[in-house]
Amino acid sequence: MGGLAPPEDTSGLQQRLNNLGYHCGEEDGQAGAVTRQRLEAFQRAAGLETSGQLDDATKAKLLELHGS
Numbered sequence: 000m001g002g003l004a005p006p007e008d009t010s011g012l013q014q015r016l017n018n019l020g021y022h023c024g025e026e027d028g029q030a031g032a033v034t035r036q037r038l039e040a041f042q043r044a045a046g047l048e049t050s051g052q053l054d055d056a057t058k059a060k061l062l063e064l065h066g067s
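Numbering (numbering that gives the first Met the number 0), first residue to last: 0 to 67.
Each hint should be verified, as a subset may be incorrect.
[To be verified] With a straight-line Cα cutoff of 25 Å, these simulated SDA-like cross-link-like pairs (lysine to any residue) come out:
#: 1; residue 1: 58; residue 2: 14
#: 2; residue 1: 60; residue 2: 8
#: 3; residue 1: 60; residue 2: 43
#: 4; residue 1: 58; residue 2: 46
#: 5; residue 1: 60; residue 2: 14
#: 6; residue 1: 58; residue 2: 8
#: 7; residue 1: 60; residue 2: 27
#: 8; residue 1: 58; residue 2: 22
#: 9; residue 1: 60; residue 2: 30
#: 10; residue 1: 60; residue 2: 49
#: 11; residue 1: 58; residue 2: 7
#: 12; residue 1: 60; residue 2: 25
#: 13; residue 1: 58; residue 2: 19
#: 14; residue 1: 60; residue 2: 39
#: 15; residue 1: 60; residue 2: 29
#: 16; residue 1: 58; residue 2: 44
#: 17; residue 1: 58; residue 2: 47
#: 18; residue 1: 60; residue 2: 26
#: 19; residue 1: 58; residue 2: 9
#: 20; residue 1: 60; residue 2: 7
#: 21; residue 1: 60; residue 2: 32
#: 22; residue 1: 60; residue 2: 2
#: 23; residue 1: 58; residue 2: 3
#: 24; residue 1: 60; residue 2: 24
#: 25; residue 1: 60; residue 2: 33
#: 26; residue 1: 58; residue 2: 40
#: 27; residue 1: 60; residue 2: 47
#: 28; residue 1: 58; residue 2: 20
#: 29; residue 1: 58; residue 2: 39
#: 30; residue 1: 60; residue 2: 19
#: 31; residue 1: 60; residue 2: 35
#: 32; residue 1: 60; residue 2: 50
#: 33; residue 1: 60; residue 2: 48
#: 34; residue 1: 58; residue 2: 32
#: 35; residue 1: 58; residue 2: 31
#: 36; residue 1: 58; residue 2: 26
#: 37; residue 1: 60; residue 2: 45
Think of the hints as simulated: they come from the structure by calculation, not from any bench.
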């Protein structure tokens, strides 16, 4: 059983968002509209700037809440 891809990889971001309940759909590594919308929802819920981009603050919060 493989581990998670790094969050900088789109598939790793999708894995973590899916695991946290922000369903991106299939973890296909494509940064499409659904992934961006779910990332924005995560950012809003976490009290972060809603950019739809994986900035340093978003990455840190994602790793904090996901645990890896």
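Status of each hint after checking the structure:
1. 58 - 14: Cα-Cα ~13 Å, so holds.
2. 60 - 8: Cα-Cα ~16 Å, so holds.
3. 60 - 43: holds (12 Å)
4. 58 - 46: Within the cut-off at roughly 13 Å; holds.
5. 60 - 14: holds (15 Å)
6. 58 - 8: Given pair residue 58, residue 8 holds - Cα atoms ~11 Å apart, limit 25 Å.
7. 60 - 27: Holds - the C-alpha atoms of residue 27 and residue 60 are around 22 Å apart, at most 25 Å.
8. 58 - 22: holds (17 Å)
9. 60 - 30: Cα-Cα ~19 Å, so holds.
10. 60 - 49: This hinted pair holds, its Cα atoms lying about 13 Å apart.
11. 58 - 7: holds (8 Å)
12. 60 - 25: holds (22 Å)
13. 58 - 19: holds (14 Å)
14. 60 - 39: Given pair residue 60, residue 39 holds - Cα atoms ~13 Å apart, limit 25 Å.
15. 60 - 29: Holds. Residue 60 to residue 29 sits at ~22 Å (cutoff 25 Å).
16. 58 - 44: Satisfied, since the Cα-Cα distance of roughly 14 Å is no more than 25 Å.
17. 58 - 47: Holds: residue 58 and residue 47 sit about 11 Å apart, inside 25 Å.
18. 60 - 26: Status holds; Cα separation ~20 Å.
19. 58 - 9: holds (12 Å)
20. 60 - 7: Distance of about 13 Å is within 25 Å: holds.
21. 60 - 32: Distance ~21 Å between residue 60 and residue 32 Cα, so the pair holds.
22. 60 - 2: At roughly 19 Å apart (the allowed maximum being 25 Å), residue 2 and residue 60 satisfy the hint.
23. 58 - 3: Roughly 14 Å separates the two Cα atoms, so the pair holds.
24. 60 - 24: With Cα atoms ~21 Å apart, residue 60 and residue 24 stay inside 25 Å; holds.
25. 60 - 33: holds (20 Å)
26. 58 - 40: holds (14 Å)
27. 60 - 47: holds (9 Å)
28. 58 - 20: holds (16 Å)
29. 58 - 39: Holds - the C-alpha atoms of residue 39 and residue 58 are around 13 Å apart, at most 25 Å.
30. 60 - 19: Given that 25 Å is the threshold and the Cα spacing comes to 12 Å, the pair holds.
31. 60 - 35: holds (16 Å)
32. 60 - 50: holds (14 Å)
33. 60 - 48: Cα-Cα ~12 Å, so holds.
34. 58 - 32: With Cα atoms ~19 Å apart, residue 58 and residue 32 stay inside 25 Å; holds.
35. 58 - 31: Measuring from Cα to Cα gives roughly 18 Å; hence the hint holds.
36. 58 - 26: Answer holds: residue 58 to residue 26 is near 18 Å, not above 25 Å.
37. 60 - 45: holds (7 Å)
Checked against the numbered hints above, the structure violates none of them.
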